[in-house]
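With the hints as constraints, model all of the structure from the sequences given.
Residue numbering for the sequence shown follows the numbering used here, starting at 1 and increasing by one per position.
Don't read these hints as lab results, they were simulated from the structure. Because the structure is a prediction, the values reported are computed rather than measured. Treat the hints with care, since some could be wrong.
[To be verified] So the derived label-pair ranges between C-beta atoms look like this:
hint : residue 1 : residue 2 : range
1    : 284       : 460       : 47 to 53 Å
2    : 411       : 336       : 42 to 48 Å
3    : 399       : 343       : 32 to 38 Å
4    : 399       : 14        : 30 to 36 Å
5    : 164       : 38        : 21 to 27 Å
6    : 75        : 442       : 30 to 36 Å
7    : 377       : 231       : 16 to 22 Å
8    : 212       : 460       : 56 to 62 Å
Glycine included, C-beta positions come from ideal geometry on N, C-alpha and C.
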Amino acid sequence: MTQKSRRRRTKAAEIRGRLTHPVIDSDGHVIEFVPAIIDYVKKFGGGTLADRYVAFLKRGPAHSFNIGGDRSASGWHKITPAERREKRVVRPSFWLFPAANTRDRATAMLPRLLRERLDDIGIDFLILYPTLGIHLLRHPDSDLRRLGCRAINALHADIFREHADRMTPAAIIPMHTPAEALDELEFAITGLGLKVALIAGGVSRPVAEVAARAPDLARHGLWVDNLALDSAYDYDPVWAKCVELKVAATAHSGSMGWGPRTSPSNFIYNHIGHFAAAGEAFCKALVLGGVTQRFPALNFAFLEGGAAWGVDLYNRLIEHWRKRGRRAMEERIDPARLDGRALADLFRRYGGALADGRLDAVGQNAGNPYEPTEDRAEIDDWSHLRIERAEDLYDLFVPRFFFGCEGDDRMTAVAFNRHLNLTGARINAIFGSDIGHFDVADIAAVLEEAYEMVEDELLTEANFRDFVFANPIALHAGMNPAFFEGTIVEQAVATHAAPRPAPFRQRDGTKTS
Numbered sequence: 001m002t003q004k005s006r007r008r009r010t011k012a013a014e015i016r017g018r019l020t021h022p023v024i025d026s027d028g029h030v031i032e033f034v035p036a037i038i039d040y041v042k043k044f045g046g047g048t049l050a051d052r053y054v055a056f057l058k059r060g061p062a063h064s065f066n067i068g069g070d071r072s073a074s075g076w077h078k079i080t081p082a083e084r085r086e087k088r089v090v091r092p093s094f095w096l097f098p099a100a101n102t103r104d105r106a107t108a109m110l111p112r113l114l115r116e117r118l119d120d121i122g123i124d125f126l127i128l129y130p131t132l133g134i135h136l137l138r139h140p141d142s143d144l145r146r147l148g149c150r151a152i153n154a155l156h157a158d159i160f161r162e163h164a165d166r167m168t169p170a171a172i173i174p175m176h177t178p179a180e181a182l183d184e185l186e187f188a189i190t191g192l193g194l195k196v197a198l199i200a201g202g203v204s205r206p207v208a209e210v211a212a213r214a215p216d217l218a219r220h221g222l223w224v225d226n227l228a229l230d231s232a233y234d235y236d237p238v239w240a241k242c243v244e245l246k247v248a249a250t251a252h253s254g255s256m257g258w259g260p261r262t263s264p265s266n267f268i269y270n271h272i273g274h275f276a277a278a279g280e281a282f283c284k285a286l287v288l289g290g291v292t293q294r295f296p297a298l299n300f301a302f303l304e305g306g307a308a309w310g311v312d313l314y315n316r317l318i319e320h321w322r323k324r325g326r327r328a329m330e331e332r333i334d335p336a337r338l339d340g341r342a343l344a345d346l347f348r349r350y351g352g353a354l355a356d357g358r359l360d361a362v363g364q365n366a367g368n369p370y371e372p373t374e375d376r377a378e379i380d381d382w383s384h385l386r387i388e389r390a391e392d393l394y395d396l397f398v399p400r401f402f403f404g405c406e407g408d409d410r411m412t413a414v415a416f417n418r419h420l421n422l423t424g425a426r427i428n429a430i431f432g433s434d435i436g437h438f439d440v441a442d443i444a445a446v447l448e449e450a451y452e453m454v455e456d457e458l459l460t461e462a463n464f465r466d467f468v469f470a471n472p473i474a475l476h477a478g479m480n481p482a483f484f485e486g487t488i489v490e491q492a493v494a495t496h497a498a499p500r501p502a503p504f505r506q507r508d509g510t511k512t513s
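Shown next, in the form of structure tokens:
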């Protein structure tokens, strides 16, 4: 059977044939072949560390490290349901990979087979993220975390090198400290020639007081370091290194084990929305921590959580700045602006029994004498930023952030709906197939599912072009103009005219320059 005849058999190939632009998949997944990883672990860490690595794999499912050495790492499978409830051990992930279609399973493991099938599944160029590697980012053991990431980076650089015209693997960059991130960025990007950086959007750390008083219980007293606001470290050198190396910082982080996502029995309860929650926490910190203002050339991506949360966060930031920017607060809600005499007079005239014998209290913080007096040096939540107008938030958010959406996520459409945003902005949604994982039962159907948004009139053809082509170019070639050189899409990218950012719109709908 020829490649041409195979292509006619998939609707994805037919859809791709009608498009006037390539399809760039910004988030597929490799299912790592563990014996090959162990060989690379031995290469970089020697036999002793390799033995520790194998022991780690045998202790339980590697994906139990979704959050990072917390309650989900405590051997869920080895304790009773009652013990799980007592210790609040989070139900870890299970059955994560396709199984009914053996060819699809092998496709996510074997680069040559994946390449052979790309035309059938309608994808021109594919950016691949690890699976085990994502969870290694969270591993609490520094040696195993760093060694595992390095081994996978080296393995993937080797096995994908001959397929660089059709696909590229992401480098796994551990973020527990800036030093280890800088070390692996140099090794993977400069040394191995990888050109996508996968980072954790947060690191779980023990609360210092809990760790000091009850070390054995420290894993139950964690806080999430968002790397940008109130962080344990200064990560600016990492962001600066990404700019220097011309790589976007792409976060593929989850929040299973945070807050309410701690069910000891139900994976779905923990799973729904967890990528979005982690993405929001990181994205919000990047803005409020001033990272996008200090590094205006650095692009960030938040993968697999969809775009709806990004639309919501963007609007909330502007709404909060308008009402709780320092100038707005001083003009509207500063307690010093309250006229105590006028308030007492109104209580006297209208308070009746409520005010009898209590008028003296009215002058004490407007009748709430227990409200603390704020230090005016600590009331500005925007202190890391220079914000004068809402347009400033637009500039810090819209051009810099990209939101990974799976093909069957119909909420992707909100990213392109200018009427939903206070400013008429569009959020940068990028297509990610998630091939290799449980939610893709048929690799050949992913593009078909995504294109249904056009057929159902949720997206226009132009929107779809931005989703699968223009926005991924802006994310990666916007950092590195040579990103797509030598690939099958090089010519299309070279002739692509980048869309101008949407004009900022005032609340009344008028445009500003």
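Each hint, compared with the structure:
1. Judged by the Cβ atoms, the range 47 to 53 Å given for residue 284 and residue 460 is violated: they are separated by roughly 30 Å.
2. In this structure the hint that residue 411 and residue 336 lie 42 to 48 Å apart at CB holds, the actual value being about 44 Å.
3. At roughly 46 Å, the beta-carbon separation of residue 399 and residue 343 lies outside the given 32 to 38 Å, and the hint is violated.
4. Taking 30 to 36 Å as the suggested C-beta distance range, the pair residue 399 and residue 14 conforms, at roughly 34 Å.
5. At about 25 Å, the beta-carbon gap between residue 164 and residue 38 stays in the expected band of 21 to 27 Å.
6. In this structure the supplied range 30 to 36 Å holds for residue 75 paired with residue 442, their Cβ-Cβ distance being about 35 Å.
7. Taking 16 to 22 Å as the suggested C-beta distance range, the pair residue 377 and residue 231 conforms, at roughly 21 Å.
8. Taken as a hint, the range 56 to 62 Å holds for the pair residue 212 and residue 460, whose Cβ atoms sit roughly 57 Å apart.
The structure fails to meet hints 1 and 3 from the earlier list, while all remaining hints are met.
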